[in-house]
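So the protein lines, in turn, are chains A and B.
Quick note, the first sequence lines up with residues 1 to 155 if you use the numbering used here.
Quick note, the second sequence lines up with residues 1 to 208 if you use the numbering used here.
Please note: incorrect hints may appear among the correct ones.
Said to hold, decoys possible - Looking from chain B toward chain A, a few residues come up when the C-beta cut is under 8 Å (computed):
hint, residue
1, Arg41
2, Leu88
3, Arg200
What the hints assert, rightly or not - Over the 10 Å line for every Cβ pair with chain A, so calculated as not near, a few chain B residues:
hint, residue
4, Ala93
5, Glu187
6, Pro193
Please keep in mind that the hints were generated in silico from the structure rather than gathered at the bench.
Note that CB positions come from ideal geometry on N, CA and C, so glycine has one too.
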Amino acid sequence: MTLQRAQLDRTVRWIARLVLAGVFLYAGYSKAFPVEHRLQFEITLSTYQLLPPWAVIAVARVLPWLEIALGVLLLVGWQLRYFAAFTALLLTAFMIAMGITYARGIEANCGCFGFGEPISPQSLLRDSAFLVLALYLTVSAWRTARATALQAQPG
Amino acid sequence: MRTRILAASLLLLISAGWLAAQNTANAANLAPDRTACLGDREAPVIIEVFSDFQCPSCQQFFFGIAQPLLREYVSAGMVCLIYREMPLERIHAHARQAALYSVAAGRIGRWMQVTTILYGTQNEWSKDGNIEAVLARELPEDVMSQLRRQMKDTKVGAPIDRDLARARQLGVNSTPTWFLTANGKTERQSGVPQYVILKRYLDHLLNR
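Just chain A, with the same shape it has in the complex (with noise of 0.2 Å):
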């Protein structure tokens, strides 16, 4: 890679990391606090038809914390090869389930950050951009920590 080039995957990888930090940081925020909002993104999550009650309950006191602490992971960086592989599979369920409701016909909120935004082509896009922009910092990720591996290599 020349040097222009590794310049220019510093500066977009860190652009990356700090739109998704935002962006779960954000989301994640969103549906814990206060108490009500936890419960809130039960329902939406129950509106998708997907998942029994004890499946829906589960996935809502889990999430948001586990967005909040992914948003935290990608902007100090820790381990950023694995952290944005999983940020990129999260991406990845959401979409599906998003997906398959939509194709479903099913109304449904978002749940994405607070309430009150329908699943739509537009959030939809809008998802698909972040999943982007997660490959990308994966690669990116995964090159770096081969480059960092191989230059260690003694000889």
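Given the structure of chain A, go ahead and fit chain B onto it with the hints provided.
Below, chain B alone, put in the same frame as chain A:
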């Protein structure tokens, strides 16, 4: 570098908190008037539903959410339930006609009975629009005569137009869309939740 990261995180968290507060604050301006309540107008929780008689999800909502709500919370004075007619005429050709029958039924004190019949036989009258035949089969003749008389009134559609205006005001363009108002805040939801999940939220709001 670490200082920059910490500063950026703090800024992000503050912005997130402010944005989340904005969402709730803006929703507070949407609270409905209580004159159209099913149940106690002073109930601490209001649920305002925009519904289309020809919409399958609205049928699910009526039987899966509205009816248990009426039995458990509305009858106990805990929830004021408001049903708004929102026929999506562009995709549901017979929805407005069904809504007219519902409004007419409300005038003679038969809203619940006729609404239940309309949602219960949705699959039947949706195909050919022959709503009157379905109602005539299910209702006593004297009730059907009163209904027909009400349907001749040119003003029977006025409440539907008012509901549609309210839907436009609130930016509602799909059904079922519903608004839950409690403690001075209004939250918007779409679709049909599982009743047990909605119950959890209601019980929390009502401190049950």
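Outcome of the hint check:
no.: 1; hint: Arg41; verdict: violated, 23 Å
no.: 2; hint: Leu88; verdict: violated, 11 Å
no.: 3; hint: Arg200; verdict: holds, 6 Å
no.: 4; hint: Ala93; verdict: holds, 18 Å
no.: 5; hint: Glu187; verdict: violated, 6 Å
no.: 6; hint: Pro193; verdict: violated, 4 Å
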